[in-house]
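J.: Its first residue numbered 22, the sequence shown is counted upward by one per residue in our numbering.
Watch out, some of these pointers could steer you wrong.
As the list claims (entries may be wrong) - Keeping only pairs whose Cα atoms sit at most 25 Å apart, straight-line, the calculated DSS-like set for lysine-lysine is: (1) Lys202 - Lys141; (2) Lys141 - Lys231; (3) Lys92 - Lys37; (4) Lys89 - Lys180; (5) Lys132 - Lys231; (6) Lys133 - Lys180; (7) Lys89 - Lys37; (8) Lys30 - Lys92; (9) Lys231 - Lys68.
Hints in this document: simulated from the structure, not taken from any laboratory.
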Amino acid sequence: MEIEELLMKALTTYDKSRARSKQVELGVSSVGSCRRQVWFHLQGEEKTNDTMRLPALMGTAIHTMIEKAIKDIDWDNDYELEREVSFEGLMGHIDLFIPSIGAVVDWKTTKKAGLDSFPKMNQVWQVQLYGYLLSKNGENVNTVSLVAIPRDGDERQIKIHTEPYVEAIALQALSWLEDVKSRTEIPDPENYAAFCNLYCSYFGDKCQGKGRGSR
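Could you put the whole structure together from the sequences, leaning on the hints where they help?
T.: If you want it as structure tokens, here you go:
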């Protein structure tokens, strides 16, 4: 077995064993992304594209390291890590919840070039939905935070966005999702072909991306 094959087989096998990778329900992170991609997921369509895995695997590694590091210093168990929470068929895995102050935190790995557009609306929707799911499960939520960690940068480029938890914003995200669920015809794709080709599981026969004409 070649070294590259060994490396990727080991990494992908590990990633497939994770709870998030086995999740069948639509995840909160999909809300506000490409409507066609979400529609295919909701319809149970078979995936057609073996997407690029390394960026996601690097993100997983960073998340795992942060989780372990926080566990090592949290002697009072004030933090909840990788908490799975659901409500009415929507599921989320929350990176960090601090019950004592009602704070939700989501780590985002990115490139430095992506920091200028951080956070995007779907990322804000995601973390607000985490707050919504927690509140519906009896937790008090006050703030939500997104933390951008650049894979090609250093700690000086870490960018943090914090805002109050607002249920109305979460309801906007849920309205978007209900619109996709109600579609009887396949929605138009919303991302460009280069992105779709690399990172969408449905690229190929089912969809050729916005930039190359849609089906």
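J.: Against this structure, judge whether each hint is valid.
T.: Each hint, compared with the structure:
Distance check on the hinted pair: Lys202 and Lys141 sit about 22 Å apart at the alpha-carbon level, within 25 Å; holds. Straight-line distance between C-alpha atoms of Lys141 and Lys231 comes to about 19 Å, which keeps the hinted pair within the 25 Å bound. Annotation: proposed proximity of Lys92 to Lys37 holds, straight-line Cα distance about 23 Å (limit 25 Å). Straight-line distance between C-alpha atoms of Lys89 and Lys180 comes to about 21 Å, which keeps the hinted pair within the 25 Å bound.
Between the alpha carbons of Lys132 and Lys231 the distance comes to roughly 23 Å, so the proposed pair stays at or under 25 Å and holds. For the proposed pair Lys133 and Lys180, the alpha carbon gap of about 10 Å is at most 25 Å, so the pair holds. Taken as a hint, the Lys89 and Lys37 pair is honoured in the structure, with Cα atoms around 20 Å apart against an allowance of 25 Å. This hinted pair does not check out: Lys30 and Lys92 have alpha carbons roughly 28 Å apart, beyond 25 Å.
Under the criterion of a C-alpha separation no larger than 25 Å, the hint pairing Lys231 with Lys68 is consistent with the structure, at around 18 Å.
Figure legend: structure checked against the earlier numbered hints; the only hint not met is number 8.
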